[in-house]
Structure formats: structure tokens, C-alpha cells
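Trainee: The lines below spell out each chain.
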Amino acid sequence: MSKVLMEGSQALAEAAIQAGCRFYSGYPITPSTEILEYMSVRQPQVGGVCMNAESEIEAIGMVWGAAGCGVRSMTASTGQGISLMQESFAELANAQIPVVTVNMCRGQGDYFQATRGGGHGDYRFIVLAPSSAQEAADLTQLAFDLADKWRNPVMIMGDFLLSHTSEIVELRDAAAVPPPKSWAITGAKGRPAITLSPLGGSAKLVSDHGATLGQVTAKHAGIKVEEARVDAGFLDDAALVVVAFGFPGRFVKYAVRLARARGLRVGYVRPISLWPFPSRIIADVAARARAIAVFELNAGQMVEDVQLAVLGRAPVHSIGGISHDHSGFGVGPLLDVEHILRRIVDIYPSGDQGTEGSRDQVTETEPS
Amino acid sequence: MEMEKVFSKPDLLLRSEHSLCPGCGEPVALRILLETIQNLGLRERTICVAGIGCYTAFPMIMDVDVMQALHGRAPSVATGVKRVRPDALVFTMQGDGDMISEGLQEVIHSAARGEKFTAVVFNNAVFGETGGHMTAATVVGQHTKTTVGGRDRERHGHPIKIAELVAQLDGTAYVARAAVHTASAIKLAEQYLRDAFRAQLGGKGFSLVELLTMCPTDWFVPPEQGPGFLEEKLKPIYPLGVIKGG
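Residue numbers (this note's numbering), protein chains in the order written: chain A, 1 to 368; chain B, 369 to 614.
Isolated chain A (complex conformation) (with noise of 0.2 Å):
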């Protein structure tokens, strides 16, 4: 396929036809509306279903119905829209239905509904954060593959700028048809019937509820082994690596290539995964490196499952914080590259080739 410029929400959005995806339905809420737009447009071109839903209730409630057909399905809202959808997503996750949902966040408060989840239970999602128009597209295509892999739901977290940004992107061909799901309710023709729940079972007149808790949760050792993904740079001699997620990921990369212009031993780690969080190979950077950054545009969410990883090998700094403006989307001031090197600048090690520079609003994080 050509390429195209498009808007990360457009790229997202059109990634998940070619990937499949027959189903989307959604509520309208800034920075996530574009998605819907396209989606209104684009679904009935190829014989798919777009649905305004009246809540974002009834949007993943829709989507679990059509994703329990055995459709690629999707839906996407902000941090706001995806608090009221956590009841289903905990038990989304129970039965084992394989949806794909996008958190167009307003800055990155959300790292902790994304990857605890507010919903009850032991369940959890596996999280991708693209930082690109062009990743956007390309971990949708994942998003699915890796939906119907696992049998469980998937979530891609994106943001203000991600959404509203319009790039250069090459959109893969049509992914492989989806695999067959013998799971999936399409009324007892040809078959025994089969029941679809949170609750347990397939058969009929055998439920075991305990027993299906332990089968969803015995997947996330093995996503945890096999689905953790970064882009990192700069590490082989690094006494100082930054960990950053998203488009604040890019503004970090630039500013650690700024860092080595100025003769600094900089690195980076961007987890594109969120949860499985890349926890070994944060370790192991860790076990290099003199120092460890956090960026991120919260008051501090990802950098404990950081320091998780890094259990006491370096110190952890968390160098990012709330960042608003009068727009409220939670871009603002911190997201800024000469900004965010001098906060790099600030922690560099000392006894490492460092230059002074400002402190203002720097917060530092010490493993305990």
C-alpha cells in the first residue's frame, strides 16, 4: 500500500480494517472522536458495522457482542470514557473474548487504569503505546493478532498529540484472515451449544468458575515471557538511561541525542509494551548503567513499575510530571525538549562528564 499522510486516529483506525476489524462501536470524547468519524465512514465501505453508542457503556457492551461472534471488534474513548467501561473489561477478560480497545489519553494520568485497570478481579490487558502515526498502525495490526493469540483483550494507549498529528504512513496489506474460533457463538448449527461466559465453561452442564479464573490468569505468565517489546538506543555505554513511553517518548529520544552531542553518556529505553511491562530489560540496563530517568506526563505512575525492575540496582529519577495547559489535554509546558534535557543534564551522575543546568520543578525518586 502507498504511502499516505494521515493522522495518528486515521492510521489507527484504518489499520484496524485491514486488520479485520468488521466492528467498531463508540461514543464521541476528545482526543478519541476522530477514530469514531473515520470509523462511521469507512465500516459500511467494507460490509462492517459502526455503531453510535448512547454511553461508552453500551459501546463495549456492543463490542462484546460482536467480538463474542467471533468478530475483530474495537472500540476507543479517553481516560474518562474508559473508566465506565471497566466493568466489562474485567470480565471481558474472564471470557475470554478477544476485543481491542484505544485510551486516546489527555496526557498520561491513565498509565495506572491502562495497566492495573480499574476493574474488579484478576485480570489484565495487554497494553501497547505506540509513539508514531506509523507505530499507531502497526500495533493495531498487533493489537488484534495478539488479541485472538492470547484469547484476551488488548488495549492501545495513545494520547492527545498522537491523535491529532498528521504523518507520513505506510499501511500494511491486509492482514491473514483471523483464525477460526471455535469459541465464538454463532447459534448450535452443526455443533453441540456452547455458552460464552465470565463465568466459566463452554459445554453445557459443566461450569467451573474457579477453574476458568485460574486458566485467564495461568496466560499471563506466558504473555509476560513472550509479548514484552521496546525501542531503546544508546545503551552500551550509557551511565544514565531514560525510560519514556509514547509521543513523550520521541520528544525524550531527541533529547538524549542532544545529550550525546554535548558529550553525554545518555541512553533510552521506550517500552512499547506497557503491561507485560519490560521489566528484564530494564533490569539489565539497570545493571549498567550509574543512573535511571523516568519522563512521563503524570506525577508519577510508570516509574514504580520501574523501580520494580530495577530493585535498588541504580537510583530511579522521576524527571516528568503533570503537564496542562488551558486546553486540558494534557499536553502543557513539560513536554518540551530543552526542557526535558535539562532535566536530564540535572541528574546526570556526578563524576560523569556533566554540565550545570536548572533544577526548577525536578522531583527525585529513590528506590527505598
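Calculated directly from the structure, the hints in this document are not laboratory data.
Being a predicted model, the structure only gives us computed values, none of them experimental.
Hints may contain errors.
[Claimed, not checked] Listed next, the in silico DSSO-like pairs over lysine-lysine satisfying Cα-Cα at most 27 Å (straight line): (1) K224(A) - K181(A); (2) K572(B) - K189(A); (3) K377(B) - K189(A).
[Stated by the list, open to error] Computed footprint of chain A on chain B; a stretch qualifies when at least three of its residues, placed anywhere within it, have a C-beta under 8 Å from a C-beta of chain A: (4) 432 to 438; (5) 447 to 455.
[Unchecked claim] Which residues of chain B face chain A? A partial, calculated answer using Cβ under 8 Å: (6) R413; (7) I415; (8) E474.
All residues carry an ideal CB built from backbone N, CA and C; glycine is no exception.
We have chain A already, so just place chain B on it with the hints.
Mentor: Using the frame of chain A, we list chain B on its own:
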């Protein structure tokens, strides 16, 4: 002497025993549902979307495909199902607590959209599974554990008549209310379900059948007094008959 079998469980019922209380109306309603599907020859096209209540025990003994939904959410789930399986016979199975208390918005919007599935609500005017608490369909004067002196207009408001409410909406093709407390009521219930399913398969729009069911345990009466309680307390508030599309 030759014996002729004149009565047995429906073919689509996988086990004749149920785990609900003596005198419960929901197993009767289930039987009517399964016999209607069987008589129409629609087993292989049927998809039930079940809500959460005492009847959540039924999906495992129904010989049709069932998708289990969350409390209140069956209409949105059924919307997703029907939109991707337009040839299926899709019906929801909810209670009054599920549909009218928790999920009222869902059934209203599904009806207004004219979704081509049939919403079946078992209305016993009480939260049965929690042990007898007020729902949005509890009738004025009815004793529950949360309306100890009886539902009071001033303190607890009025019950919602879901069938009449939904019938006003342009997307609805067929709406009826029946009961399962007498043989003649059961015959009507069968007819209404058949007509609702036919309206659905004819692509006419949304359909809803409300079935008044007995819950002697949470009406705090002996099982044999359930049908009389339904007749005296519920039926005057919830009159039986076809409300739209007959």
C-alpha cells in the same frame, strides 16, 4: 395396558432439574421459551444473551448458544450480536432488576434504534437473587427487605411499566405482557413469544415480551400462594395483553 407419554421436558432443556426455589416462575418461563424455539424449528439459529439474576443458572441447561452478559448490559451485547449475525434469532433473558433497574438506558436505546432482537424480561417485582430487595418494578405496597413497611409512594416512588414505556418508541414493532401463573396465561405467553420472534425475523424492529413470574420466597409467602399473589398484587398494575403490534 399401553401407556402414552403425554408430558416430558422440552428437547431443548438439557436437564429437567433446576436449582431455583419451589414455586419459582422462572423455570416455567424458560420452558415456554425453549418450547417456542423448538416449535419454530429455530434451535440452530438461536442466540440467547443472558443477564444476571436467578435465571443465570439457565444458560448451562439450555440447548442453544448463549452469551452471558453483565447485569443490565444484555441489550447492548445483543445489539452487537444481532448486527454481526443478522440471520440469527437473538433474544435477551433479563429480570426486572437487571433490565429495569440497572440497565434501563440500554433497553430504551435498543428499542429506539429498532434493534431487531427480542427482549424478554422476567418480572417478579423483586431482586430475587439477593434475597428480596426493592427493584424499579416493585409495586406500591409490596413488602421487601428494603421496603419493610411496603413500597411507599412518597419514600420509594412508583414502579416503571417497562412494556408501556418501550411501546411508545418508534423503533418497537411488537410489545406484549404475559404471565406464567395459570395455564391460560402460559398459553398467551407462548403466543406472544412466537409473535415477537416472528416480528424480529420479519425485520420489523425491536420486540419485547414481559413475563410476570412468581417469586414466593421473596414475596414471603408459601410456594402455593405465589400464583394468587401475582394475580392480586402484580396483575392490576401490570395488565396482560398485546400493547403494540398485535
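Trainee: Taking the hints in turn, state whether each one holds.
Mentor: Each hint tested on the structure:
no. : hint              : result
1   : K224(A) - K181(A) : holds (23 Å)
2   : K572(B) - K189(A) : holds (25 Å)
3   : K377(B) - K189(A) : holds (22 Å)
4   : 432 to 438        : holds (count 7)
5   : 447 to 455        : holds (count 7)
6   : R413              : holds (5 Å)
7   : I415              : holds (6 Å)
8   : E474              : holds (6 Å)
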